[in-house]
Structures are given as C-alpha cells and as structure tokens.
Amino acid sequence: MTDTAVEAPAAAADHGHAPATGISNSKLAMWVYLGSDCLLFGSLISTYLLLRHRSVEGPGPQDVFDIPFTSVSSFVLLMSSLTMALAVASIVRGDVQRNRAWLATTAMLGGVFIGGQVYEFTTFYREGLGYTTNIFGSAFYTLTGFHGLHVSVGIVMLMSLLVMSIRGNLGPDKAEAVEIVGLYWHFVDIVWIVIFTVVYLIP
Amino acid sequence: MAIVERPSDVLALPSGGVVTQSPLGVFARPRAKTGWRAWVTTVDHKKIGIMYGASALVFLVIGGIEALIIRAQLAAPGQKLLSADLYNQVFTMHGITMIFLAVMPMGAAFMNYLIPLQIGARDVAFPRLNALSFWTFLAGGIFLNTSWFLGGGPDGGWFAYAPNTGVIFSPSHGMDFYAIGLQITGIASLVGGVNLVVTVLNMRAPGMTLMRMPVFTWMSFVTQVLLVFAMPVISVALFLLTFDRLFDANFFNVAQGADPLLWEHLFWIFGHPEVYILILPAFGIVSEIIPVFSRKPIFGYPFMVFSGIAIGFMGWGVWAHHMFASGIGPISVAAFSVSTMFIAVPTGVKILNWMATLWGGKITFSTPLLFSIGLITMFTIGGLSGVTHAVAPADTQQTDTYYIVAHFHYVIFGGAMFGFLGGFYFWWPKVFGYFLDEKLGKVHFWLTLIGFNLTFGPMHILGLQGMSRRIHTYRDGYGFNLWNLVATVGAFMIALSFLVFFVNIVRSKRRAPSLPPPGPDPWDSRSLEWMTPSPTPEHNFDDDPIVTQLDEFWHRKYGGDEDGRMVPIATAEEVAFPGDGSRSHLPAPSYWPLVVALAFPLIGYGLIFNLVIAALGGAALLGGMVGWALEPPDDEDLPPHGHDDHDDDGSAAVEPEVASADLEEVTAGD
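These protein sequences, in sequence, are chains A and E.
First residue of the first sequence? That's 1043 in this note's numbering, and the numbers climb one at a time after it.
First residue of the second sequence? That's 656 in this note's numbering, and the numbers climb one at a time after it.
Pulled out of the complex, with its shape left as it was, chain E reads as follows:
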C-alpha cells in the first residue's frame, strides 16, 4: 500500500534544520502540564476546543439573560423595566452576543476538537495560531461586554445600519465598541479559518481522501472557507464605520453625499454567508448523530457533501434578500428573490437525507438523537418561513416585524443550537470521559423544545398582526398582549431547560466515579475520533490511522458474512488505540498567543479613550509577534510520556523512524 509509505527524510530534514537554529527566545517555552498554566499556554486543539465551548456557554448565559430582560419588558403592554435607549442596547448586545460570542464559538468548539480527530491528525496545521484564535475571540468578547461599564452598550442593532450608527445618532461609545470588538473577533475567525482550511486540506491521515471525510468535517470545511472569504468584507465595513466615528471620515455621512446602502451591502455580503457559518457545523453534527442512532450509514453521502458545498456557494448570491425594503430596484429584487428560493433546494436535500437515514433504521431515541430530530423539524419550520421571505411582496409586509424574529430564531436556535446541544450529549463522553445523564437529558430536550416553540411560535402571529421589531414597548388594545405573555413564559422555560443542562453536567460529573467508564466507543459509532480512548489522550492517535473507506472505524468493527449481512468482527476495544503516546511528538505550549491576543483589546480601548493605551497595545502586539517568531522551536526535550532518556538534539530525527517502521508493520498485518 503506497499511501502509508513515509520517507523518513521528509521528517528528518526540517527538524534537523530547526535544531541548528539558535534559540533566540528570551524565555524558554512553558512546560506546565496541569493547572491553569497548562490551559493558558496550551496549543492542544482539544483543550482549545473545550475552552471555546466553555466561553461560548458563558456568553450564552449572558446573552440569555439579556433575552430574558427583553421578554420581561415585553411581557405586558406599556412596561417600564427598560427605557427605549436601554432597550436598544440590550437587544443589540443580545444579538451580537448570541451570534458572535455564543453560536459561532460553539461551532468553533466542535470544529477544533473534532476536525483533527476525524481526519486522523495529531493536531491542527498551526497549533499556536489556533491558540491565538481562541484568545483573540475571548479578548474581543470581553472587550464588547465591558462596554456596559464604559458608557453603555452598542445601540444600533447587530446589523448596525448606517447612518443610525454615526456619532450624531449614536453618541455614546457603544458603536465604537461594536466596530472594534467585532473587528477583534473577526481577526480570530479569519486566523482560525485559514488554520482549519489548511488542516483539512493538508493534515489528513494516510488514505483519508476528501470523499472519505465524515460529513461533520466536510460541513466544517465549508464553514471555514466561508469565514475566510466573508470576514474581510465585514472587516472593511467595520473599518469604514470606525474611521467615520473616530476620525470623522465621510463614508456614511449623507450630508457629504454618502450612500447608506453601502453599509447594507457590505454588511449582508458578509451577513448572509454568516448564517451558513452558524448553521453548517450543526448540520454536520446531526449528520454524525443520526447514522449512529439509526444504525445505518448516512443516506446519500455525496449528496450531503455536495449540497453543503452548494449552500456554501449559493450563500454568496442571496444577500440582498435582507434589503428588499430598501429600494434596490425591481430587477435586483426579482433576481435575489429567485436565488433565495433556489438555496432552499440543497437545504431540502439535507433534510430529506436525514429522514431517509432514519427511515427503516434501528432507532434508539437517545438525547443526542432527540435534539437532532428537533433540529430537523424546527429548522424545517424556520426554512419554510424563510421561503416566504423570498417572496418579495410578502417580505415587504413581513420585514421589520416579529415574523422575521420568529424566522431567524427558528433557524439559529431551532437549527444551530439544537444541533450543538445534541453534539454536547453525543461527544461529552469522548471529551470528558463520562456520560451526561440520559433522564435529565430528555427532560432538558423536552423543556427546550416546548419552551422554544412557546417563545418563538407566537412571534409568527405577532409579526403578521403587525407588531414591529426593535420597539421597546407596545400599546394595549392591538391584540398583542396574549402572545407576548406566552412568549415570555416560553423564554423563562428555555432558561429553566438550560438550568437543567447545567445541573446535568454537575451531577453527571459527581456520579461518574460510581458508573462504568464509557470506553472508547460508547455509542457504537462510525468515525475515527471513537478510535481513541475516552477522554482523548493529548496525542490523539498512537499511530496514524490508515483509512481505506468512508466510516473506517465502523468497517473495522463490522464485516459482511456469507449472506452479505453486517456482523461484528471485532469489538471497539480491540480496534481502538490503547492510548500509548510514546511514539508521538507534541508541539510545545506557548504563551505568545495570549500576549498577542491581549494586545488587541488594549489597542481598542486606546482608540476609543486614549491613544497612549493604544500605543501600549501596539507595543504589546509587536513584542508578542517578535517573541512568537523568535521562540525556541518545539522541543525535543518535551517527551510526551516522560521518557527523558534522549538528551541529544538528534532524537527528533530518530523518533519518526520508529513510527514509520511501526506503520509498515501495521500494513504488513493487513
């Protein structure tokens, strides 16, 4: 088998080159393996994934509290909990927090953790850049949220339409925080995007061709490509806004001849791919869960892959459907109307394939599957209301009403969020080594499902009755009272469901020692990540897994008998790696990503308040980059599992030879 042959000089040459480089770094690379130091200096994609997930959940709680405040304000007509101004800030921050700081990073959590595992790699292509993405995102998220204490949050909506966001209409620093904060999280996304695109293209295990990659990896790949191309567009828009606000430029100054539509175009050229960035990872997650719990391979794998790619392409041609009411002219409206209807097709293909996978399967209604079915049903409702927006005349009635709010919550919460929650239950044993409780999980699911529908279902009706979005209150007597109250009750029910989720995490962890460990493959799954022990050891795979087909792991466990039926041929424990990392070579931790990331918010505060701080930030950025570049290269003196016997620099060159010899043995055994 030619694919497994790895000429050892490929390895020896570069590492030999590195060794001769004199370590200029002032500081040695950090070595902590446990405690907080290990976390802040880690470059391990799994730890970074976990940190992404934890931060996303914290921001989700913050955004959720903002949602509850909004719903409390709207529970009855004429409430005075929030002033109009404060209401603007709360709904703006709710949107920004949920989209950029909760759902996107939650996707990033799954992608970071799972992509290298699913393609059989040891880590991402650039482990330090990966750490940089995470810390930059966190720094940006905290920066945005500090606006509450520094003169008020952003108040122009997450879409920030010009010229409402200019200094005249939004005099507080809120929109500055918006522009700079999103710029910072944008850097994080761009760096992460480049890194993961390269990872998927370059880091695949021997035999892992593109069309053998699990659907989750495929959908994540499309997501990352979208990020790479969408981020620069919002960056430009945010730069223009920043320059307008801070340096008196004229981009959105109508008195100087500006065209406010420019912002809308730039924003939505980014904004529409962005919604696919939110949903595609969740599509990938359910595409992993459904086959496992129906005990069938995914129906129409190539269709799943190509429909994802099609969504990725078509996502660029529909942005103006957000602007039907802005006067872009009948031809544009007609064109974007048609393209928007078209994009429902590949999405429909996916829905159909998931159902066909379930059809005739031996279904186990576990919590992950329940959430996946939740996604299919809720996303379909959201998708259908989406198609009604594509019909431009209908959309001009719906736009700026609660009908739109209902639609995008059905796709983002009912779609993305349900997928992620299912993913949490599915991969929890792999990540942490213990199961989440199924009973509480089911309570969580049903509470979420009912609460979600109570909250957002009535908004369809409210919207069609004409209730406007973004208005801090409504008057009695329009027929809005009942459904608003129902929505508020639903919102608190969602809050309760998340409480159940958090209780579940704590309780399951406490009970874990008395329960049998999940083992490498608790669900009898199909993809490579289940070939590692649970929780996944730092080095991932003991050796490169050699891939010969789609669902490699499954086919190592099951083979056809004489009648062509699938029968078990090996147990997961026999097939999985034992978790011996002595042959693996791990990248050393580094604190420079953290230093560089911390420089960004300093520059941000500086631009807003005092240029001296910005200069400090600039110096930190420069210092961080220099430190990064001059850091001593990864290190042979950091053996993965403690055999400290090699003290010469040549050891790195020797190690891979051992690994490749071993590989040949594996193939010979085949």
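For reference, chain A alone in the conformation it holds in the complex:
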C-alpha cells in the first residue's frame, strides 16, 4: 500500500488528462481497495460469529475477555483517527511541522494499540487460550490478527510519510498522499468499531 500512496504524483505525471470522475487515480484506487477489504473483514467476522460458541473444550469468549482493558486500547485507536484528520488538515494548510507531529502521533497511537493487542494475546495465551486450543481461539486470533496486521501496515505507511516529510518530499502539493493514507487509517478504525462491538461487547 505504501507504494500506492507514494506513486500518486508519478501516476499523475504518467497521464495526460484529468480523471473523468474528478477523483485522482490513486485516491479512487484506495476507495476501490477499501470496498474490497470490506468483504475481507465481512467474511472474517461472519466466520467468527458462526464459530465462537461452537468450541467443545477450552476457554470461551466470556472467560478471557477483559472489556475495560480493550475499551482503553479501542479508545486509543479511535483517537488516532482524530490525529490522522489533524495531520491531513495541517498538510492541506501547508503546515509541514504540525503535519509531521500529527503523523508521528498517529503512528504512535497505532503502535500503542498494537502493543495492547500483543499484551492481550499473551495474557489470553497464559490463561489457556492458544491458537489451536479450540475453535473460538482459531477464529478470534485470526480475525483480530488480520485487523492488527492492517493497523501495522497503516503504521508502516505513516512512517513512510514521515520519512518523506523529513527528507523534504512531503509538501502541500502531496497533501493527497496523506489523505489517501488517512482513508485507509479511518477505514481500519471503523472496522475496529465493528469488531469491538461484535466480538467483545455482544455476548
């Protein structure tokens, strides 16, 4: 994904005419990809819903979940959407310094979320829920693992933007690259809202 964002200016240079939809190629590609990703998470969530109560042994959802802890890490992730929006707003204004700060903050908040997830997985594992222990374990780790992977990829994208910015390659002319990474980031957050509700909150 990193390359899609970075490719934006190159792609624009490739082609003579303005896009027929008024949305640049890179941004439209991100939208289409996110549409596709909806079905990825849709399938994973359906799988989880089908399987979560079918375990024949080992701990179930209610035995391991620590709702207050996950609520805090969810809050952290949602706040990162706010900082992401601020990052986009600052680059549109041409405020490169602030943009850098907000990108770094967003990446850091994402990192905290991932840290929380690692802690959570370790705790669950200690409490006896391994990946292969039962069918709930397989479904839970796969779904949240895929989400964690998406967040991690997002962090890599943010760090790439940060590196570009530090090298002086991320001015207001490339605000769209930040916006595109922002689209991805918000999407991943929204998916987490669904996962948090469906997996953790609804018994």
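The hints are simulated quantities; they were obtained by calculation from the structure and are not laboratory data.
Hints may contain errors.
Unchecked claim - With the C-beta cut set under 7 Å, the calculated list includes, among others, these residues of chain A facing chain E:
#1 A1071
#2 S1085
#3 R1096
#4 S1115
#5 Q1159
#6 V1205
Nothing here was measured: the structure is a model prediction, and the numbers come from that model.
Backbone N, C-alpha and C define an ideal beta-carbon position, used for all residues, glycine too.
With the hints as your guide, set chain E onto chain A.
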C-alpha cells in the same frame, strides 16, 4: 466544446513536483525496447495483454492434456490408466488450471489489451501494477503446477470441500499448493481488478461517457467489479484452509465443533460471481463481433449494458444453488431456487439482443462470427440445463452427476471459450498485424463445435442415467459404455481442433509478408481501437480521440445522406491515426513488478517446506516494494520516438502544451 479543454497546469503541476523529487533508486529504470528484456520489464498494457494471452494458451494446453488423460481413463469401463488417487489429482488440476489459469487470464488478456484502446486511453491507470498482476498470476500458475513434482497435485477438487481437504483426508502437500497458489493468483486478480476499475472510471477520452463505452468495455468493467468484491471472500476461505493445514487451526475440524458448511458458503459466495467473471468478457467480445459482421449497430445497447450490470448484482444472490444437496433447509433452497431462475432473465435478454442484431443484417459468416454464433447456441443449451438445476427437486437428482459436468462445460467452454476464440480471430490483425487464415479458421470452428458437442452432449445422458462425477472408473453393464466412448472421441477431436488453431497461427504468420497488410480497420468496425494502425503502436492514439457518440469510429466513416441512409463519408485510413507517437509520453518500464511477483511463490514454498525460504521470499517482497516506491519516476529522458533533443527536466511540462494546442486545432476543425 468544453470537454476537450485541458488546462495545461493540471499536467505541469504534478510532473513538476515529480521532477524535484530526488531519484533515490539504486537502479535506473530499464530502457530495453526490444528482446526479452523489453518483455519482462514492460508496463505497456498491450504487451501485458499479449503475455496474458500466451500464458493462458500454454495453461490451456496443460489443462487440455489433463482432460485428455481423464477421457482416456474413462473411455471404457474398468480402465487402469490412472489410480483413484492420481485421478483425483488430475481432475482437480484440470479444473483449477482451466478456470484460474486459462479462462480467467484469457479474459484478462482481452481486457488488458482492449479496455484502454476502447476508451481512448494511453494506458491503464497504474501501468506498473498492471505488470505486477500479470507476473503474480504467472508465478501463481507455475507454483500450482510445480506441485506435480513436489509430492503430488491437489486432490480435493477445485471446490475443495472441507473437511476432505484437511490434513487427515488429504495428507500430501497438494492442498497446500492449492490454498497458497490460488491465494497468489487471487492477489493478481485483485490488483488487476482495482487497476482496471480505476482505468474505466478515470481514463476515458474526452467525451467518452459511460453510456458511450463499447459493450465489451462495459462487460469487462462489471467483471472487474465482481473480481474486486469476490476475491477477498475466497482469500479468507483459503487463509482459513491454510491455517488449518499448516498451523493446526480448527476452522474445519469437525471434532472441535467446526461446521463444514462454512467452507461451502465462503467458496460459493466467491464461486458464483466467479462464473460470471469467466463469461462476461466473452459476452462483451461477441457483442463487438456481431454488429461488425451484421453491419448493424448492437440491438438495444442500454439493455445490453444494464443486463450485464443486473447479472453482476444478481450473481451475488444465487450462490447456495450449488448447495441444494447440503441440507441448508427448505426456505433457503426455495429462495435460492427462485433467485437462480431470475438470473436467467438478464442472460436471456442478451441472447435475444444478439439475435436481434443479426436479424435483417448483412451477415458475413467469417470465423469470428461463426464462433460468436457458436457461443449464442451453445451457451443457450448450457443456460437451459442451468435452469433445470434451479429446480431444486430436479437438482437433487442431478447433483454430483455428469449432468452437472455437461452443464458447466456448455457454459464455460461453449460460452466463454467460444467467445475468446472468436475474439482471437477478430482482433488478431489488430494485435499482430496479420490475419489468421479464414479457411483454417473455419475448419477450426467446425472441428471445435462438433468435438465439443460429441464430448459434452452425451454427458447429459450419462448424468441422467446416474453416472457420478469425480469417480475414477465405472463398471461394465450400467449402460455407460457407449456414451463415454463417444465423449472420449469428442475430446480428442477438440484437441485436434486446437492443433489446427496453432497451425493456423504459425502458417498465417509465415504467409503474412506475401499478403497485403490488414490496415487499421480490416473488418469495417465500430470502436476506437480500430482507429490505430495495426499492430497498435506503443503509444496507442497520436492524440486523445474526441468522442461524441456511441460507435464513434463508425460515425466518422459513415454519415446519413438526404434519404437518411448511411453512406461512406470517409475511409478508415483517412479517419484513423497515422501512428505518429512523437507527442505521446510513455511510462518507463520497470523490473520491480517482476521482483515483487517472484517473492510470492518463494513465500509459498517456504510456508510448505522450510520457513527459511519464506523469510527469503519476505525479504524479496519487502525489497521489491521499497525498490518500487523509490524507483526514479518516469522519465522525460525516454522519448517515445527518439527525439533526444530535450535534456532539461522541464520538457515534460512543455510537451503536453503542444498536445493540447493540437487538440484545440482538432476541435476547431470540427
């Protein structure tokens, strides 16, 4: 005309931005224009299309040989050519190869080559991603086929029903190759899908509104949308299977409470749109061929478009008709039964429109048209047997018998394959600059038609007599002998027909120098790709074509006289572009797509055999992506037709101004 105005700052700004970016890339972009290097580093949609087509034909031959082995095994009762185990592998690989490695990429070949040309674009939206799709598909295809030498092919059928595909019931590495190989080709399809969807939406020439796009482009667009949404579902299914097999997860482990129906649902939610992914490009192809050879515009263009869209939508609501025998309950069965009958309606609309286009036309029975008529008739037979499956009580009798095999070969071979073969004959002169021989073409058609019906026609009877699919042999005395023998004879006849096709290619090429060249528009056609010289030059159109109506090219050649009759007003040569690419700006080639694509099978082998290889693959993937991102941007120092006079970086900004000035001239002339 407002549509043609292109503010030059739109162009100048981004390219100016690019120029200031310091090229971090360790390697300069490759420059080869000819030889194998030009092919492996190309980002040209036409070369990529040709490579898709060539690879698809190679896989078609492999899949065809597998089919012949199956038919040889079943020619007579109690044969011992294949063991039960080997038979499972052969029919599984036949299915996978034909669907994922032959028919899908053949569609991709036409779509890659034709979409940018039909919408008047210079290339696809993301040329490097396009190359990535192709190489990833090829890597995945080769990966799948290497399973033969690494412990045996997949043996669970292309549908891979759980829990048969678990380690217990399928202990060889075959199903690992299936899960990971299809994952890789899935990445290729997804990337290609995103790319072509954006291309169709964004890259259209001035005036090319959605409802002026040729039907082929429309059908391809629907196909790509289906791919974008269907691929993630099979990806999830394949991930679950991979995790089960490699990491002992419990998704399909019935002892742990799993529900094997989960696989069937996920697979068919992908699988049913998939059949439309196979057939829609072929529908598009015949919708281009029929009007040209009946010398009439397509009948009911909006109906053609909307029925395609309707098929695309309804294709998502019929998946469970593959599962009538799996115990999904009477309400589900009834609902899916009805929706399946409904989806026959838009398909019927298309059949009707093709016939109405032919009706009263000045028909030339050329090879492309013969294949198109082949599609209409054969697909109708397959469609009708499909409707009999929609009737659930009948389906419970038919399911898992040869009747089903007959049905899906009539739609995929009789439908998709006939369409593609017609497409080969139709666009061959455009792509390669010489005609395929008509006489051999007709021999090819009739052999295919007869061989095809001999092979799959009798399977209807065999199925209704109760002969089961997927069983490696049958006993004497059930009345299966005669029709099986006939089917085997037919299969070899199909093989012969393809031999004729390949001979035709070679012979026509050899004879081409002594024949007159086809010129830009050999068939007196209607869409924009015929406005370029044959073969299409690297830059496609000299200038953006300006589109004012459906069948733009046709209307530039013909106008109404006082009586309202269409009379020629210009020859194709006058209307077509001369092929001067000096004003075009081409994307530079790149080898990073190849590097990234090669990383995928390495990761695959690694997951199966040794994680060290996977780590290497991961490193290659990462390196490839970094190289991709840091590659110096396309380049002004690569002029399309050799005028090397500009050495300053500002040249890119100047060039488009020339082009737009020229455009204004064109409009002024109008």
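Results for each hint:
no., hint, verdict
1, A1071, "5 Å, holds"
2, S1085, "4 Å, holds"
3, R1096, "4 Å, holds"
4, S1115, "24 Å, violated"
5, Q1159, "18 Å, violated"
6, V1205, "10 Å, violated"
Going through the hint list in order, the structure does not satisfy hints 4, 5, 6.
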